[in-house]
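Work out the full structure, taking the sequences as your base and the hints as a guide.
Residues 1 to 153 (the working numbering) make up the sequence shown, in order.
It should be emphasised that the hints constitute simulated quantities derived from the structure, not laboratory data.
Backbone N, C-alpha and C fix where the C-beta goes; we use that ideal spot for every residue, glycine too.
Do not rely on the hints blindly, as some may be mistaken.
Have a look at the derived ranges for each label pair, beta carbon to beta carbon [what the hints assert, rightly or not]: (1) K34 x S83: 51 to 59 Å; (2) K34 x T117: 30 to 38 Å; (3) S102 x K34: 31 to 39 Å; (4) N78 x I58: 41 to 49 Å; (5) M140 x K17: 23 to 31 Å; (6) I58 x T117: 29 to 37 Å; (7) S83 x T47: 28 to 36 Å; (8) A54 x E129: 31 to 39 Å; (9) T59 x S39: 29 to 37 Å; (10) M140 x L103: 24 to 32 Å.
Simulated pairs of lysine-lysine, DSS-like, Cα-Cα distance not exceeding 30 Å [as the list claims (entries may be wrong)]: (11) K122 x K34; (12) K134 x K122; (13) K134 x K17; (14) K17 x K128; (15) K34 x K131; (16) K34 x K134; (17) K131 x K17; (18) K34 x K128; (19) K17 x K122; (20) K17 x K34.
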Amino acid sequence: MEDEIEDLSLDEDKKTKEEPWCLTCREYTDYRRKWTTVSRADLDGRTYSENSEAPHCITCGNRMFLLSHCRILVLGINIFSLSIGILAFMCSFVLFEFSPSSLFGLLLVSLFAFGLTRAPRKSRLWLKEWKIWKEEQGIMELTERSLDPKKKE
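Pasting the structure below:
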C-alpha cells in the first residue's frame, strides 16, 4: 500500500502576486519596469551602484507603487512614534518628578511624535485614494448588479 503525499504548497504560477496601483489613472493598469541606478557609499569610503526597478504606468507614464509597501511604511512609522510617546510619558512621570518642565518636555516630544506620524505623506495619500477608489468600485458593482437582471441569480 503506497501512501500518497499531497503537496499543499502553491505552484509558482498559482501564487498571487500583488499588482502596483496607479494614482493618476486610479486603477490597476498595465505597467513596465524601469531600472534606475543610485550611487551608494561603502564602509570603505568607496561608492557602488545599486540598481533598482520601479513599475511605471504605460497609460500615463507615472511611477506606480505597491500598496503593501505603503501600508508597512505607515504602520512602522506609527508604531515607532507610539513607542516614542510612551517612552516620553514614562520619562516625564515615572523617572522625573512632576513639574512644569517635565510637562513641557512631554508636550514637545508628543508634538515631535505626531509630526513623525505625518511624515509618510505620499504613502498616506496613496492608501487614502485607493480606499476611495475601492469604495467607488464596490458601489459601481452594486449598481450594475441591480440594473442587470441576469446577474441577480
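Here is what the structure says about each hint:
The hint said 51 to 59 Å for the Cβ distance between K34 and S83, and at roughly 37 Å that hint is violated. Judged by the Cβ atoms, the range 30 to 38 Å given for K34 and T117 holds: they are separated by roughly 31 Å. Taken as a hint, the range 31 to 39 Å is violated for the pair S102 and K34, whose Cβ atoms sit roughly 51 Å apart. Remark: the range hint 41 to 49 Å for N78 to I58 is contradicted by a beta-carbon distance near 34 Å.
Between M140 and K17 the CB atoms are about 25 Å apart, so this pair conforms to the stated range of 23 to 31 Å. The hint said 29 to 37 Å for the Cβ distance between I58 and T117, and at roughly 34 Å that hint holds. Distance hint check: the CB atoms of S83 and T47 are about 34 Å apart, consistent with the given range 28 to 36 Å. In this structure the hint that A54 and E129 lie 31 to 39 Å apart at CB is violated, the actual value being about 19 Å.
Under the hint 29 to 37 Å, the C-beta atoms of T59 and S39, about 31 Å apart, fit the expected range. In this structure the supplied range 24 to 32 Å is violated for M140 paired with L103, their Cβ-Cβ distance being about 51 Å. The suggested pairing of K122 with K34 holds, with an alpha-carbon distance near 20 Å, which does not exceed 30 Å. Note on K134 and K122: the hinted pairing holds, with a Cα-Cα distance of about 18 Å set against a maximum of 30 Å.
For the hint pairing K134 with K17, the CA-to-CA distance comes to about 19 Å; that is within 30 Å, so the pair holds. Note on K17 and K128: the hinted pairing holds, with a Cα-Cα distance of about 22 Å set against a maximum of 30 Å. At most 30 Å may separate the alpha-carbon atoms for a hinted pair to count; K34 and K131 meet this at roughly 27 Å. Proposed proximity of K34 and K134 is supported: the alpha carbons are some 27 Å apart, at most 30 Å.
Distance hint between K131 and K17 is fulfilled; the C-alpha atoms sit about 20 Å from each other, no more than 30 Å. Proposed proximity of K34 and K128 is supported: the alpha carbons are some 26 Å apart, at most 30 Å. For a cut-off of 30 Å, the pair hint linking K17 to K122 stands: about 23 Å separates their Cα positions. Annotation: proposed proximity of K17 to K34 holds, straight-line Cα distance about 18 Å (limit 30 Å).
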